[in-house]
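Enquirer: So the sequences go chain by chain: A and B. If you number the first sequence the way our numbering does, the last residue is 1316 and the count never jumps. If you number the second sequence the way our numbering does, the last residue is 394 and the count never jumps.
To be clear, the hints were calculated from the coordinates, so they are not data collected in a lab. Note that the Cβ used here is the ideal one computed from N, Cα and C, for glycine as well. Incorrect hints may appear among the rest.
[Unchecked claim] In silico DSS-like cross-links for lysine-lysine, where the CA-CA straight-line distance does not exceed 30 Å:
(1) Lys349(B) <-> Lys1310(A)
(2) Lys1175(A) <-> Lys1204(A)
(3) Lys1310(A) <-> Lys286(B)
[Stated by the list, open to error] Restraint ranges, calculated between C-beta atoms of paired labels, are given here:
(4) Val15(B) <-> Asp1208(A): 52 to 60 Å
(5) Leu1220(A) <-> Leu29(B): 49 to 57 Å
(6) Ala1252(A) <-> Glu347(B): 53 to 61 Å
(7) Val15(B) <-> Glu1301(A): 45 to 53 Å
(8) Ala1315(A) <-> Ser69(B): 28 to 36 Å
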Amino acid sequence: MKQIFEALEKDARLTPEKISSMTGIAVADVKKAIKKAEQDRAILRYKAIIDWTKLGEEEVLALVEVKVVPQRNVGFDAIAERIYRFKEARSVYLASGTYDLAVIVACKTMQEIAVFVSEKLAPLEAVQGTVTHFILKKYKEDGEIFEGGEEVKRLPIAP
Amino acid sequence: MSRSEPVNTRLSKKCLSEKVTALPPSGIRKFFDLLSSMEGVISLGVGEPDFITPWYIREAAIYSLEKGYTMYTSNKGTPELRAEIAKYLQSHFNLVYNPDDEILITVGVSEGLDLAARAILNPGDEVIMPDPCYVAYPAAISLAGGTPVRVPTTVDNDFEITANDIESRITPKTKAILIGYPCNPTGAILPKEELERIAEVAKRHHLLVISDEVYCRLVYGIEHTCLAALPGMRERTILLNGFSKAYAMTGWRIGYAACGKEIIGAMTKIHQYTMLCAPIMGQMAALEALKANDREVDIMVRDYDRRRRVIVKGFRDIGLSCFEPKGAFYAFPSIKVTGMSSEEFAEKLLMEEKVAVVPGTAFGDCGEGYIRCCYATSMPEIEEALKRMARFVDKHRKK
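Excised from the complex, chain A in its bound form (with noise of 0.2 Å):
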């Protein structure tokens, strides 16, 4: 069952025909463990990983440490949930060390994430403190290097 996923997160787009005869288990159980993936939320969604400059899109990336009063029984889960709510928070960790949560926030520009940070997320009751650093360059994302992908310099024909 393990080489059907393998499969399937290296190239999300392989049909279940494919991937029958990538790992010699029936099509219909390789469907069968895809659909319960599915519904268990172990297979969340499938999407394409973008080079956005590419396309000439603009985006912004900051990585916003953040401070946090854990609460009562909730712990700081409450808290989290607040801040992954707004759709500008593309990921959010709870994280050991100096700060709790680890927030990637995306934006078009900024002057968008400042705000953001400044009139959102900043003010929140719980948050007691945010340390917000812009991200320069992206080298690899996911498993995926940006630019400079190493190519296989084999030749041919070999014994």
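Place chain B on chain A using the hints.
Expert: Frame of chain A; chain B shown alone:
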């Protein structure tokens, strides 16, 4: 010599060693020359991974260069690498070798094979090996003054060599058996039971066995059995292995031989006069490969497995019968439905559809009617190659 004097620039045939002259050129080489002038070719003709050496290995090698590890090593190889190999063989196969005098680091398995042959053979000694087999086997034996004795293997027996077939070819001159499973070119493996029978034959007739196990990590749905680990086989097996295939390290040229100290000592003697030592960079990289966990190797193996299934099913779907290869990264489909010879098929396929494969005959007479296709190639390329081959087979199917 003054310029006006006529100079015969052609050397006479006599200037070459008879042994070398008698050696047939590698059948693979011929295709390489054809190919290098063409564009848009999909090659299933390679014999190496399409992965680049994992970064943690390359990074360790770069670091060793920065630290100035650029010198000779001990003839036998660095003590650290030999120790790590001993540890690996013990933990994987419960095989105990003394890293001081029972393990030798070689320049790939190719050198290991050459050393093994030269260390044990006297003129006229016979070495039994399967047909088809890797191109270097008969050549290495001949160059060492021995006589290769080929045992035909067929698809009916999944290209496995059998103890019975070996035994029937033993003569008073037989010195050794040379096998390499998982097999290049067929992708065949040898089940443990057959290996045990071969081990019995070797013991009964006091033969040595050279066992090339370079593809041992690339097996699918089975567990590899190391010949030397079978009872009574450690002393009579020259175990050859290397880093090229499992760790995608072909260009680093690092292999090793493990055996009792008499034979390793003899091999080391030749190695010290001819090679001195394996390159230190490669040894440093190999050490890192062994020390890290095998997760990255496992990922590569599972990836090969998916492509293996696709290519085998693909061949069967287009009407080329293909037995299931359980090791290495080769499929060995039959092309008999076209009525062409292997070489004709490979040449026409390259010219008409720009897909490069290696004719089975490059690996021995029993390879006639087959082609070797390497599936260590990206999935889209495999699919495109299958499409082109389907078109080709349809066109040329025997009426």
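Enquirer: Compare the structure with each hint and give your call.
Expert: Hints, verified against the model:
no. : hint                                 : result
1   : Lys349(B) <-> Lys1310(A)             : holds (19 Å)
2   : Lys1175(A) <-> Lys1204(A)            : holds (19 Å)
3   : Lys1310(A) <-> Lys286(B)             : holds (26 Å)
4   : Val15(B) <-> Asp1208(A): 52 to 60 Å  : holds (54 Å)
5   : Leu1220(A) <-> Leu29(B): 49 to 57 Å  : holds (54 Å)
6   : Ala1252(A) <-> Glu347(B): 53 to 61 Å : holds (59 Å)
7   : Val15(B) <-> Glu1301(A): 45 to 53 Å  : holds (50 Å)
8   : Ala1315(A) <-> Ser69(B): 28 to 36 Å  : holds (30 Å)
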